[in-house]
Structures are given as structure tokens and as C-alpha cells.
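Colleague: Under the numbering used here, think of the first position of the sequence shown as 56, with each following residue one higher.
If you are wondering where the hints come from, they were derived from the structure by calculation, not from laboratory data.
All figures in this text were calculated on a predicted structure; none of them were measured in a lab.
There's no promise every hint is true.
[Unchecked claim] Think about it this way: if two alpha-carbon atoms lie no more than 35 Å apart in a straight line, the pair counts; the simulated DSBU-like pairs of lysine-lysine are: (1) Lys356 with Lys429; (2) Lys373 with Lys408; (3) Lys289 with Lys412; (4) Lys481 with Lys463; (5) Lys463 with Lys408; (6) Lys298 with Lys490; (7) Lys285 with Lys275; (8) Lys393 with Lys463; (9) Lys377 with Lys412; (10) Lys438 with Lys407; (11) Lys344 with Lys289; (12) Lys344 with Lys364; (13) Lys481 with Lys212; (14) Lys356 with Lys298; (15) Lys490 with Lys407; (16) Lys463 with Lys212; (17) Lys373 with Lys393; (18) Lys285 with Lys344; (19) Lys407 with Lys298; (20) Lys490 with Lys412; (21) Lys212 with Lys166; (22) Lys344 with Lys393; (23) Lys396 with Lys212.
[As the list claims (entries may be wrong)] What follows is a set of in silico ranges between Cβ atoms, one per label pair, in the way DEER data are often shown: (24) Arg242 with Pro478: 43 to 51 Å; (25) Gly144 with Lys285: 44 to 52 Å; (26) Ala156 with Gln440: 34 to 42 Å; (27) Gly403 with Glu101: 35 to 43 Å; (28) Val355 with Gly291: 24 to 32 Å; (29) Arg369 with Leu323: 32 to 40 Å.
All residues carry an ideal CB built from backbone N, CA and C; glycine is no exception.
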Amino acid sequence: MTTTQPAHAERAHALLGASSAPRWINCPPSARLTEHHEESRSEYAEEGTAAHELSELYLRQRITLCDSEARADLNASIKAFQLGNRFYGPEMENAVQEYVAVVEERFLEAKARSADAIVQLEERLDYSEWVPEGFGTGDVVIIADGVLEIIDLKYGKGVPVSAVGNYQMKLYGLGAWSAFNWLYDIREIRMTIVQPRLDSVSTDVIGIDELLAWADTVVKPAAEEAWAGKGTYKAGEHCRWCKAKGNCRARADANMEALAYEFKEPALLDLEEIGSILFVAEQLSAWAKDVAEFAHDQAVKGQKIPQWKLVEGRSNRKITNKEVAVARFESAEIEPEKYLKTELCGIGDLEKKIGKKEVAELLEFYEGQTLVAKDDCLNNFTKGQEVEVCEVMGDQIVLDGVARLDRKTVRANFEGVGLIQKPPGKPVLVPETDKRPELNSVEGDFAGEEFDV
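Could you put the whole structure together from the sequences, leaning on the hints where they help?
Modeller: Right, here's the structure in full:
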């Protein structure tokens, strides 16, 4: 279906939107409190919008029915985006292609289960049965008997986002179920978030009965309070995305209460107290940063912050015309290495400029590389035998001058270190709720490793 939708950046946003559900469900009056706060869009948000626009074009091109004229229009739109969007590059292309591949795979799975499965792109989802004027836009909705799936693209890479228990996805599931349950026998909702730049695809599944119970007992009461501007202000993790986080009194009270931590009498703190203080310190640090940013913004707008003033910050000298500067150094016959840098870009920059897949393939195998056979395998190679990569020709790898194998076969049968390595990360102290496995000890797990302090 190729229905015309408003441009991504121009779409309306509900007061009780799905993306802000963690906030207004946990802190209902915050919805009206921030209703008239100034909206600001960051470069990251603009970049994410661009990625969504490109992904929609590719998906319409690949998985929707359209005639030759419509397909030509889509091809032209993709080309125009690639040539004209300032955010477009290999990194965005590769990330969007990964997302599109996930959607294609899930749609084919749905078709295999239910021949009449359909897919809706950028679908307006109405969940106003539980939330006043509640609506949102689902990136991808795949409807089939048995399972309805919502797939959402998160282009950002700063904060990992999981589909497990995700309020936004559950509200989208409610909206999609409301729209299609009379056509399909939907028994469960599958919710998938694809975060390609973090190599993350997370999925959660919830039964319809459980979802409806959550909507009736959690969502609806909170939404009624939020719409009326009633309820209790409550600080928590949801404050992170609140527009009032820098000057919210409830958050200030919660943090000032944390400052009143009562210590035991002994001169030295015990480890249990240290553990509690770490939580307080993290909470206070985030709050102090938000308060400072709010105060700075107000001062820049001309508001006087008592006991504080705006001054000129530190700046660094810069060369205004690099070409002329280089010419001056050349005329003085100064050695180029004294004023020019020529070094390889970091992996992140390489992937952004060249493409993640391309960089991985170029640096995975190389002439002169030593590989070790995992087991007795192809071409009479024996377990533990060292072989040399003699030539790399696209997907073909020549080993010891006699065996020509494709990359997939080489990966499956040989071990070796390419030109990209990921050393162990520096040990970090985190709350027990963190999903990463606990280290036994620095001495045991990191023997021989050196870390910068």
C-alpha cells in the first residue's frame, strides 16, 4: 500500500504519545506540565528522521505492490535522497539496509504462516480507547493470523533501546490490534526494535489478554490523570527525556532527599554503604548536569541567574586559511611531516566514510595472513595446520597457493586474526541489574592486560 503520509519531521505528536509513555505513565502530571515547553530538534533527531525516510523508500520499493510508474518514482526518490540529503553516507546506507533485511525476513515468515499476511508502513496507530487522543506512527506493522508484529527502527547509537517491556511498542501493539483484530485472529503481539548501529535486534512477545489487562489497569488510569493534569509527580529514570528535567521541583526534592543520607558512626564507610552511595552519586550527577544546562539556556536567553553570570569561555586558536598556511610552510622549505598529519582514520570514521560491511570485508583477510585449520577439513588441511593467505579476490580466498575457497567456507574452517581486533574493555563497576556478565576478578579475567587510567 502506498498511501501518502506527511513527511516524517512534520507529523503531529500526541500529548500522551507512545514514545513518552514511560514518563506520563509513571509521572502523570508531567504531560500537562511540559505541554507548552519549547520543542527543540537536535542534529541526532534530524539524522534519525532522515534514516526513517530512506528506510520507508526502500521498504516501499521492495515489499509493497506497485506498478512500473510507482516503482520508477520510488527509484527516483531514493536517488534524490542519496544525492541531496546531508546525512546520507555509507554508514546510513548500511544501517538502513540491515533494518530493511530484518523487515523483509519477518514479512516472509508471516507470509509462510498466513498467506493473507499484509504489511503497513508508517501506519497511524490509534490507541484512544485507553488514552485520550492517543495515537502514534508505527514504522512497520505486519498483520497475520496468530501474530501481529510491530517493528521499529532506532537509528541512534548513544542509548541502547530494548523491546522487552517497552511501553511505546506495547501501545503501538494496542493500536494495531484495535485496527486489525476484526480481520485477523490475532493471539499475540510481537514487538521488535532494530538498532543497526549497535548491532542490536531485540524482540518481545506478549499475549493479547496480558496486553489488554495492562492497558486497562495501568495505562488507562494513568492516562486519565495525565490528561486532566492530575496525579503525583514522581522522579525516576523516565526523567531523562522530560522537558522539565532541569527545573522540576519533584526531581529536586528527590535528589535533595538523597543528599540527606545518614551514615553510620565508624570513621570508615563499609562496602554496603559505598554501594548505596554510588547510586546516590550517579543520580545526583545526572540531575546536576540537567540543572546546569537549564540555567545556561536561561542565561543565554537573557534571564539573570542569582549569584551566577555569563562570561566568555575558553577558545582555541585556529588557522583561517589552511591552503595559504601550507603554501607558507612549503615556501619556507619546512619538512611536511612537521605540519601535516597522514594517519589511518579510526574504525568508527572508516565505517562511516566507507561502510561497515566494506571495511569488515577488506580487513578480514589479507595477503600474508596466517590462518589455522580448526579441524581436518577441505583440501587435506589437518587440524592445527598453519596456512597462508596468498591472494584475496573479492569473495574468493587463495590459501597456500593451492586452495581457492569462498569467505564463508574459510570462516567456518579456519581461525585467524584479521586487521580488526577488539581488546577487552576496562573493568567498569555497574549496578547488579546491568545485563553484562560479572567478571570473576580483574586478576583472573584480565591477566596480562594493561589499561589506561
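Colleague: Run every hint past the structure and note whether it holds.
Modeller: Do the hints match the structure? See the list:
Pair hint Lys356 plus Lys429 does not hold up; C-alpha atoms about 65 Å apart against a cutoff of 35 Å. For the hint pairing Lys373 with Lys408, the CA-to-CA distance comes to about 25 Å; that is within 35 Å, so the pair holds. The hinted pair formed by Lys289 and Lys412 fails the criterion: a straight-line CA distance of about 45 Å is larger than 35 Å. Note on Lys481 and Lys463: the hinted pairing holds, with a Cα-Cα distance of about 32 Å set against a maximum of 35 Å.
Distance hint between Lys463 and Lys408 is fulfilled; the C-alpha atoms sit about 25 Å from each other, no more than 35 Å. Annotation: proposed proximity of Lys298 to Lys490 holds, straight-line Cα distance about 29 Å (limit 35 Å). For the proposed pair Lys285 and Lys275, the alpha carbon gap of about 14 Å is at most 35 Å, so the pair holds. Between Lys393 and Lys463 the CA atoms are separated by roughly 45 Å; this puts the pair beyond 35 Å, and the hint is violated.
Our distance criterion of 35 Å between C-alpha atoms is met by Lys377 and Lys412, whose separation comes to about 34 Å. In summary, the hint linking Lys438 to Lys407 is not supported, as the alpha carbons are separated by about 38 Å, beyond the 35 Å threshold. In summary, the hint linking Lys344 to Lys289 is supported, as the alpha carbons are separated by about 19 Å, within the 35 Å threshold. A hinted pair counts as satisfied when its Cα atoms are at most 35 Å apart, and Lys344 with Lys364 qualifies at roughly 17 Å.
Distance check on the hinted pair: Lys481 and Lys212 sit about 20 Å apart at the alpha-carbon level, within 35 Å; holds. A threshold of 35 Å between alpha carbons decides the hint, and for Lys356 with Lys298 the separation of about 17 Å falls inside it, so the pair holds. Restraint check: the Cα-Cα separation between Lys490 and Lys407 comes to about 28 Å, which is no more than 35 Å; the hinted pair holds. Distance check on the hinted pair: Lys463 and Lys212 sit about 28 Å apart at the alpha-carbon level, within 35 Å; holds.
Simply put, Lys373 and Lys393 have alpha-carbon atoms about 17 Å apart, close enough for the 35 Å limit, and the pair holds. Between Lys285 and Lys344 the CA atoms are separated by roughly 28 Å; this keeps the pair inside 35 Å, and the hint holds. In summary, the hint linking Lys407 to Lys298 is supported, as the alpha carbons are separated by about 31 Å, within the 35 Å threshold. With a C-alpha separation of about 27 Å, the suggested pair Lys490 and Lys412 falls inside the 35 Å cut-off, and the hint holds.
With a C-alpha separation of about 31 Å, the suggested pair Lys212 and Lys166 falls inside the 35 Å cut-off, and the hint holds. Note on Lys344 and Lys393: the hinted pairing is violated, with a Cα-Cα distance of about 40 Å set against a maximum of 35 Å. With a CA separation close to 29 Å, the supplied pair Lys396 and Lys212 stays within the 35 Å bound. Hint check: Arg242 to Pro478, Cβ distance near 46 Å, so the stated range 43 to 51 Å holds.
Taking 44 to 52 Å as the suggested C-beta distance range, the pair Gly144 and Lys285 conforms, at roughly 47 Å. For Ala156 and Gln440, the hinted distance range of 34 to 42 Å is satisfied, since their beta carbons lie about 36 Å from each other. Take Gly403 and Glu101: their Cβ atoms lie about 20 Å apart, and the range 35 to 43 Å is violated. A hinted range of 24 to 32 Å for the beta carbons of Val355 and Gly291 is consistent with their spacing of about 29 Å.
For the pair Arg369 and Leu323, the beta carbons lie near 39 Å from each other, so the given range of 32 to 40 Å is met.
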